[in-house]
Amino acid sequence: MFFSWDLLFEALMFGVLLGCFYAAVSIGLSVSFGLLDVPHVAHPAVMVLGSYCTYLLASYGWDPLVAGTVLMAPFFVLGMLIYRFYYETFEKRGTEAGVRGLAFFFGVAFIIEVGLIMVFGVDQRTVNAPYIGDSLRLGDYRIPHRMIVAFGVALVLTFTLSAYLSKTFTGRAIKAVAQDEPALRLMGANPVRIKQWAFGIATAASALAGAMLIIVGPVEPAIDRLYIGRTFAIVVLAGLGSMTGTLAAGLILGIAESIVLMFFGASWAPAVAFGILLLVLGVRPQGLFGR
Amino acid sequence: MRFWIPAMVVVLVAAGVALSPVNEYFFYASYIVLTFVVLATAWNILGGYAGYVNFGTAAFFGIGSYTATVLFKWLGAPLVVQIAAAAAVSGLLGFGVGMLTLRLRGIFFAIATVAVIFIMETLMINWRYVGGATGLQLLRPEVMAPFESYTRMLFVVMAAMAVGAVALARWVQVSWIGRGLRALRDSEEAAECAGVPTLKLKLFACTLSGALMGAAGAPMPMYLSFIEPVSSFNLTWSVNALAASMIGGTIHWLGPVIGAVILGTLQQVVTVTISSEVNVLVVGVLLVLFVVAAPEGVLGLLQRWIRFFK
Numbered sequence: 000m001f002f003s004w005d006l007l008f009e010a011l012m013f014g015v016l017l018g019c020f021y022a023a024v025s026i027g028l029s030v031s032f033g034l035l036d037v038p039h040v041a042h043p044a045v046m047v048l049g050s051y052c053t054y055l056l057a058s059y060g061w062d063p064l065v066a067g068t069v070l071m072a073p074f075f076v077l078g079m080l081i082y083r084f085y086y087e088t089f090e091k092r093g094t095e096a097g098v099r100g101l102a103f104f105f106g107v108a109f110i111i112e113v114g115l116i117m118v119f120g121v122d123q124r125t126v127n128a129p130y131i132g133d134s135l136r137l138g139d140y141r142i143p144h145r146m147i148v149a150f151g152v153a154l155v156l157t158f159t160l161s162a163y164l165s166k167t168f169t170g171r172a173i174k175a176v177a178q179d180e181p182a183l184r185l186m187g188a189n190p191v192r193i194k195q196w197a198f199g200i201a202t203a204a205s206a207l208a209g210a211m212l213i214i215v216g217p218v219e220p221a222i223d224r225l226y227i228g229r230t231f232a233i234v235v236l237a238g239l240g241s242m243t244g245t246l247a248a249g250l251i252l253g254i255a256e257s258i259v260l261m262f263f264g265a266s267w268a269p270a271v272a273f274g275i276l277l278l279v280l281g282v283r284p285q286g287l288f289g290r
Numbered sequence: 000m001r002f003w004i005p006a007m008v009v010v011l012v013a014a015g016v017a018l019s020p021v022n023e024y025f026f027y028a029s030y031i032v033l034t035f036v037v038l039a040t041a042w043n044i045l046g047g048y049a050g051y052v053n054f055g056t057a058a059f060f061g062i063g064s065y066t067a068t069v070l071f072k073w074l075g076a077p078l079v080v081q082i083a084a085a086a087a088v089s090g091l092l093g094f095g096v097g098m099l100t101l102r103l104r105g106i107f108f109a110i111a112t113v114a115v116i117f118i119m120e121t122l123m124i125n126w127r128y129v130g131g132a133t134g135l136q137l138l139r140p141e142v143m144a145p146f147e148s149y150t151r152m153l154f155v156v157m158a159a160m161a162v163g164a165v166a167l168a169r170w171v172q173v174s175w176i177g178r179g180l181r182a183l184r185d186s187e188e189a190a191e192c193a194g195v196p197t198l199k200l201k202l203f204a205c206t207l208s209g210a211l212m213g214a215a216g217a218p219m220p221m222y223l224s225f226i227e228p229v230s231s232f233n234l235t236w237s238v239n240a241l242a243a244s245m246i247g248g249t250i251h252w253l254g255p256v257i258g259a260v261i262l263g264t265l266q267q268v269v270t271v272t273i274s275s276e277v278n279v280l281v282v283g284v285l286l287v288l289f290v291v292a293a294p295e296g297v298l299g300l301l302q303r304w305i306r307f308f309k
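Residue numbers (numbering that gives the first Met the number 0), protein chains in the order written: chain G, 0 to 290; chain V, 0 to 309.
Only chain G is shown next, with the shape it has when bound in the complex (with noise of 0.2 Å):
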């Protein structure tokens, strides 16, 4: 291990640009496990999904941002669609909807990862952009590009999601179905109605978070399985359901998988954020900014 101010500067400069990343793969999942209580394991599967998908588009010359914010409609019906199924199958059965709920979303996620690997293979998948191979020079520092615009995405994502969320009136509902389900129910609202809507934009935002994957490194199909944890500690740590909270936990992450990288080597780092989560779950099991 070797120690310099200038190494510790650096990854923390890198730790926040990956830590905001790390918060907008994590936003949807924050709102469909943590408001909405789905077990969804599947969703890095489905964002690996998007990364595939934005691939596809960027092999015709699309630029893969563009093809991420696209990507969104299709997959907001995709989340309908699953939430749907969920609910019919699972929450309106109610009995045992844990066990296999979670193993439902388990299976969809090897489906998933498998289906990739029979269409495109084991191999890495990287997209072309202009902003891709560059980096922007502060001094003796070098910021790679793709990085800057993840960072900018995932704050757009995360600030107009918590607005949503917040401001307006269908947000308001997602919220309040996510306190008290049977209150919301004797306002006369559907709760299962404003779940799907809520799971689809969760659904949507992961199309544009797995955009955001394949620009800002190499894809493969089995990577979904890492972002498993990258993914739950963050929305654990964050409290179920805090977009804000999300983008802290994702600076935690991010910062200390960055100094665990720069000062401990590339082969330590996946096992940050599974060491975060089972810190979290041992020791505070309500996350930081729980409700």
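Note that these hints are calculated values from the structure, not bench results.
Heads up, a few of these hints could be off.
Among chain V residues calculated to face chain G with C-beta under 7 Å, some are [what the hints assert, rightly or not]: (1) G50; (2) V52; (3) I106; (4) N125; (5) V129; (6) M245; (7) L280; (8) V281; (9) V291.
Quick partial rundown of chain G residues pointing at chain V, CB under 10 Å, derived from the structure [to be verified]: (10) L6; (11) A10; (12) F89; (13) V98; (14) R99; (15) F103; (16) I110; (17) P269.
Simulated coverage check for chain G against chain V, where a stretch passes if three residues somewhere in it have a Cβ under 8 Å from a Cβ of chain V [stated by the list, open to error]: (18) 114-124; (19) 218-231; (20) 273-285.
We treat Cβ as the ideally placed atom computed from N, Cα and C, and that holds for glycine.
Position chain V against the provided structure of chain G, taking the given hints into account.
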């Protein structure tokens, strides 16, 4: 007796087949199917009876393999010692994970078990003694007298272990422990109020389940003559154990056995005839199909048919 006589017959038949001149490949494939039986039975003790989903089968299995490898490399310990030590270490791991997360809702336990897989994998990747990321080649010891090859011996060992695991699961199911676990699966509060020591029972189930998974992993390095982290801690072990139980049916000890035999055999056939990717796809599709359409598994379907024809 209704259980023990067939159980003894299974072990004796396995030994008999191992001594007969059956094709070597049969043992090679059956060993994996038997491993599935142990893993699924172990998974069901916590997942089926108590309703806590464990995604960490791969962690317990892998740690079992690595414990065996360390003992073999360090002391040249015999297989029985390796299995016992692997069970102890994995059981301890199960106890630790349980202590940390079994107080929380089931989903948190499930996610924590995924975390354990990756943490253990990272530790092994960075541990030079066991070969790090590149893995370690192992030299099998001499074959013991009556068996023709080492794989045949491992097959018999695994068959005995499968019968042992099923016997343990059956004991848990019919004893007061099983009743307590079923009670807490239906309602944790109600069980606690009725005087069921829920946390203790969950911890016991988690420890026993982890120990059995570790034991199942112990002979694996010898079976392959090789060990490396990525395949030892592969999430496919987890999905297989979970899917076998869900497919067979989780309410009875027979369920995971049926599920594991169906799934394991099907996978061996698919791997040989089509490809190993399709094999994982088969598991995923079957899992989702059964969870959605036949939540009680094969056992539930059989029950319904029997009732229908009566």
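Okay, the hints, checked on the actual structure:
Taking 7 Å as the C-beta cut-off, the interface hint given for G50/V holds, the closest approach to chain G being about 5 Å. Among the interface hints, the one on V52/V holds; its C-beta lies about 5 Å from the nearest C-beta in chain G, closer than the 7 Å criterion. The interface hint given for I106/V holds, since its Cβ lies 5 Å from the closest Cβ of chain G, which is under the 7 Å cut-off. Given hint, N125/V at the interface with chain G, holds; its Cβ is 6 Å from that chain's nearest Cβ, closer than 7 Å.
Taking 7 Å as the C-beta contact cut-off toward chain G, the hint placing V129/V at the interface is violated, the least distance being around 14 Å. The beta carbon of M245/V is positioned within 7 Å of a beta carbon in chain G (closest approach about 5 Å), and the interface hint is therefore held. Proximity of L280/V to chain G holds as hinted, the smallest CB-CB distance being about 4 Å (cut-off 7 Å). The closest approach between the C-beta of V281/V and any C-beta of chain G is roughly 9 Å, which is over the 7 Å cut-off, so the hint fails.
Interface hint status for V291/V: upheld, as the beta-carbon distance to the closest one in chain G is roughly 5 Å, under 7 Å. Among the interface hints, the one on L6/G is violated; its C-beta lies about 21 Å from the nearest C-beta in chain V, farther than the 10 Å criterion. With 10 Å as the threshold, the beta carbon of A10/G stays out of range of chain V, its nearest partner Cβ sitting at about 19 Å, so the hint is violated. The restraint placing F89/G at the interface with chain V holds, with a minimum CB-CB distance near 8 Å, inside the 10 Å limit.
The criterion of a C-beta within 10 Å of any C-beta in chain V is met by V98/G, whose closest approach is roughly 5 Å, and the hint holds. At a threshold of 10 Å, the smallest CB-CB gap from R99/G to chain V is about 5 Å, leaving the interface hint in force. For F103/G, the shortest C-beta to C-beta distance to chain V is roughly 5 Å, which falls under 10 Å, so the interface hint holds. The interface hint given for I110/G is met, as the beta carbon of that residue sits about 4 Å from the closest beta carbon of chain V, less than 10 Å.
For P269/G, the interface hint holds, since its Cβ comes within 10 Å of a Cβ in chain V; the closest pair sits about 6 Å apart. Evaluation of the coverage hint for the segment 114-124 of chain G: fulfilled, as 3 residues show C-beta separations to chain V shorter than 8 Å, against a requirement of three. Given a C-beta distance limit of less than 8 Å, the hint that chain V covers the segment 218-231 of chain G holds, as 5 residues qualify and 3 suffice. Residue count for the segment 273-285 of chain G with a Cβ under 8 Å from a Cβ of chain V: 7. That meets the three needed, and the coverage hint holds.
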